[in-house]
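Colleague: Please arrange chains B and C on chain A, whose structure you already have, making use of the hints.
Residue numbers (my numbering), protein chains in the order written: chain A, 1 to 295; chain B, 296 to 608; chain C, 609 to 1128.
Because the hints were derived from the structure by calculation, they are not lab data.
A virtual CB, placed ideally from N, CA and C, is assigned to each residue, including glycine.
Mixed in with the good hints there might be a few duds.
[Stated by the list, open to error] Distance condition first, Cα-Cα at most 20 Å in a straight line; then the derived SDA-like pairs of lysine to any residue:
(1) B:K408 to A:F116
(2) A:K282 to B:P517
(3) B:K599 to A:F116
(4) B:K410 to A:N12
(5) A:K6 to B:K599
(6) A:K220 to A:Q133
(7) B:K408 to A:I20
(8) A:K8 to B:D363
(9) B:K600 to A:Q133
(10) A:K8 to B:N316
(11) B:K409 to A:Q133
(12) C:K1067 to B:P445
(13) A:K282 to B:D349
(14) A:K68 to C:A680
(15) A:K220 to C:A680
(16) A:K174 to B:K512
(17) B:K507 to A:I13
(18) A:K68 to C:D681
(19) A:K8 to B:S506
(20) C:K1111 to B:N460
(21) B:K512 to A:F279
(22) C:K1111 to B:P372
(23) C:K1067 to B:G361
[Said to hold, decoys possible] Chain B is nowhere near these chain C residues, computed Cβ spacing over 12 Å in every case:
(24) T714
(25) E764
(26) L1033
(27) Q1038
(28) D1041
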Amino acid sequence: MIQSRKEKIASNIITLIFIILALFCVVPIFYILAASLSDEITLSREGYSLLPRGFSLEAFRFVLESPKAILNAYAVTIFVTIVGTVVSLLFTAMFAYVIARKDFSLSRIFSFMVFFSMLFNGGLVPTYIMMTQYYNVKDTVLALIIPYIIMPWHVFLMKGFLADIPVSLIEAAKIDGASEIKTFFKIVLPITKPALATVGLFIAFTYWNDWYQSMLYIDKALLNSLQFYLYRIMNNIQYLSSSMMAGNISIDTSSMPSETARMVLCVLAAGPMLVIFPFFQKYFVKGLTVGAVKG
Amino acid sequence: MASKIKKPVLASKGRKKNRMNWGLFLLAIPGLFFLVGYYYIPLFGLIIPFKKMDVAKGIFRSDWCGFDNFKFFFQSPDVWTVTRNTIGLNVLFIVITLTVSVLVALGLYEMSKKKVKLFQTCFFVPYFISWVVASYIVYALLSPDLGVIPNILEKLGMSVPNFYNEPKYWTAILILSYIWKHVGYNALIFYATLVGMDSALHEAAAIDGASKFQRIKYICLPYLMPIIVLMGVLMIGKIFYADFGMFYFLPRNSGTLYPVTDVIDTYVFRMLRVMGNIGMSSAVGLYQSAVGFILVLITNMIVKKRNEDYALF
Amino acid sequence: MKLLKKVAVLGLAGVLAASTMIGCSKSSTENGGNKETNVTNGTSSGDTSSKETDPGETIPIRWYLAGSGPQADVEAVQKEIDKYLLDTYNMNIDLQIIASDYASYTQKMQMVISSGEEYDICWTASWNNNYYDNVNKNAFMELDELLVSDAPELLESMDTSIWEGTRVNGKIYGVPSQQIFPKQNYIVIDKAYVDKYKLDTNKVKKLSDLEDFFLQVKADNPDIYPFAASSNGLMGKLNLAIGYEPIAGVKLPGVIATDGTDYKVLNQYTDLPSLKEFYDLMYKWQKEGLVRQDAATVSDNAVPDIKAGKHIAAVNATFKPGIEATEQSNFGGREVVFIMLSDSYMATDSLVSSLNAISRTSKHPEVAMKFLNLVNTDKTLYNLLCFGVEGVHYTLNDEGKVISDNNKGYNPNIDWMLGNQFNGLLREGQADDVWEETKEINASATKSRVLGFAFDSTKVTNEIAAVNAAIDQYALPLETGAVDPDTVLSEFTDKLKAAGSDKIIAEMQTQLDAWVAANK
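Just chain A, with the same shape it has in the complex:
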């Protein structure tokens, strides 16, 4: 393509804007990293900076005091994230494809059903009752997976992507005598890689970031997810320091982690996902659909 001078200048300006925006997003992370490596007292005396204040690994040492528990929590979260994402992505894509097919008589009803469940829910207590007393998944890894298998938001997002599939493709498959299921797996899925990668990524993030389901359904130390483990450390001190005086309990919080440790927790929670992210990016390749149509 021919680029005019004007376009070149424009593209440089855009790059400049993007660099500023990227810094806006990334600089706070450097504050967090620096704080996680700072000495608590110096930090509180001198404030945040881009370089550690009084370099110290104390906060890391505190959080990693029981490495067994943290490693176990990582293992639980990784397992849940992988299994959950694969199952959820598959089911989400299947369902989204069905509601995207406007020639299907039930597609609108299904679509409405998803939408309705996005806004209305029975609240936590009924869900808790069903999960613990009828589905019997309390204290199992399934309790961490089931809640996010079908998420309305992901279904609609997927539907938005799938709506762009050329009809000709599906009709061609039909002429070849392929069943709907075969068409979906052999034609629809392969040409929607960017969509699968995007939604898959979002699903993976949902599983990775979740602590809430663990809080509700997990009592065993063995099945604690990473985020819940970190959430616990983080919130216990916050809760205690604000509520303790209401009763006359005084628990010694002076040895508990505080600001620097919170930053460490953040680094531990976000780090692995940021490493994984670029891996997904390779599926965002332009023009996939075209190749498929031509072939």
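Modeller: The following block gives chains B and C in isolation, referenced to the frame of chain A:
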């Protein structure tokens, strides 16, 4: 120009309609199974707001209490302020985030692959920072004592406001924080859509001699429109819900900022924190859902009138 | 295509793995449970045969607790307890401790309770998993009769005034853990500054007496904000020093003056001059730089800043034996001086700061009661619960004090939550006479004249909700000196009135009058 080249896609109207298709039904079964099991069966909980909960009797046998559980919220003097804040800020969030994200996605689409990778990763980083940690960063930037911004202002000889005591700055701070956290996520959606676009469209446009700007305007934007509308409509459904973590942690619960930063979720949290009444909290939840539901129905109707393909259902 | 196959295979494998995992975990809990009881039966059969009584079938006792989270090795401790109870008391239970954490405990228990889940005992308090709310929801059993029939020793072990404090509508619903009961507000000051500026601590009776001292410190050290205040506010730490006892929450309108003799419910924000004086003092201090201007946004009780030496003095609610060590570590290990700001005072709210209640859904309330009886009276059982198994989870030093280790799998550190603290082993660093002194304070404290009165808020829930929202907006800025009380306080009280504070106070007065008529 675009419509000439555009092939019919799944979403287009005018296809054979209302046909039962057992193959498709089969594909939907796992999804239906979880949808019904996880979302629909617990819907019996919608009666909780109308009950005076008695644990010994259970949900179903507890006494009905009419709209008693709704009273506390609608009688409170601040209901108007928090509703206004919730809707106002959410509308700003929706419009600004969608605009910025679309622009970012378009920018990325025109860039080389290497740059895309780098920028995308940068934009995505904040998505992983919880609001609690973000509140420390904001505090580190704004605190009157050691904050980065007050220090710069001081060096420049400007007067330093105490940000946590001055509501006027907070609409901007909240919007910036929201963009900071969400732009990577939303831009990725639009970028992935653009990437899936048939490049024949661009080739044809280039042959026609269209400039980059024209191509964006006449090809990319129309192509993004359905998903922009979709996201907009879905976000409208959540317009009565505020991101609790954000509104609770970022302003550090500073009372003087409430006139600007207090939203339904934080307000109700404060009201009920001490009492923990599930009847009352689910009453507010039901109210938020119902209003969102009606808003989406209306929006969907308007969208449908203008272009049936874009409608949610 | 390959990718697809992989995805499909992975998905299937995942589902299978997950389902086997539930299978496993389920069967393991079942088997584990059975095994445990088998083991206890097996090992104890030798001993029990001589006792001739049949311990009956194993009864599961599920006990919900807060703390720092589940302990990795809790099963070993439970097993040991089951065995101990069977051997010693011929009591055949299968104890299941479910430990949550402080931050999520309230929400978790709300689920458990509202869903009607079956469990036996749960920890409750005025400040977490709210005792009164749960009683209102009918979640707990009345214990009056059970105490007499199944826990006479426990009933005996505490003064009747303490049991009175747990009554709601005349009934007991929870077993308080014996510990320090009264509150005594104090201020703690970095000793180095006390010495340097020759502060005569004996002359300090109230907060304002410290003003000159703080001003001196500030003059020499402009970076120091001598008096610590944080987003937690100061009211909960100073209400006795200011001179009132709350009826239903320290900031909720409706209090009793501590120094009076009448039974009049006051609105502290309008009727209590000492509160306005306190607000004025804070506003003045903030202007003079004795308190940080952004104190209301400081988290974690300002402890990091105290450690860093940014503040040199802090107030707290409850003085108790052994607190010196805690405060010293809050001050980064520096030496500290204590000054009392109030008398030792026992009010209802301090009696309900840690209780164990029996669930309405319990199938075996008598067994649960018997168990609680032993927890509070049997030292061996209590120490097992607190510290785990000796030699495995903790060791004793030369003085016979507990050295625990977080890495050994059991160190819940919730002694005061479990039961009678006076029965516990001492931890390393605790003084030998700590419990003796605590008992003495409990016995000698001034008892509130409304001790045992509990306010039933059901009639004014809507008003309380509205009032609570207003309190957060105004009270914190006022008590940290961020706003001028002369203008803001009246705005605040107007808002409280609009929210229904008068109705709340009237309701409190009605209930209090009825209580006085019945009890005095």
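Colleague: Could you tell me which of the numbered hints above are not met by this structure, giving the numbers in increasing order?
Modeller: Those not satisfied are hints 1, 2, 5, 8, 9, 10, 11, 12, 13, 16, 20, 21 and 24.
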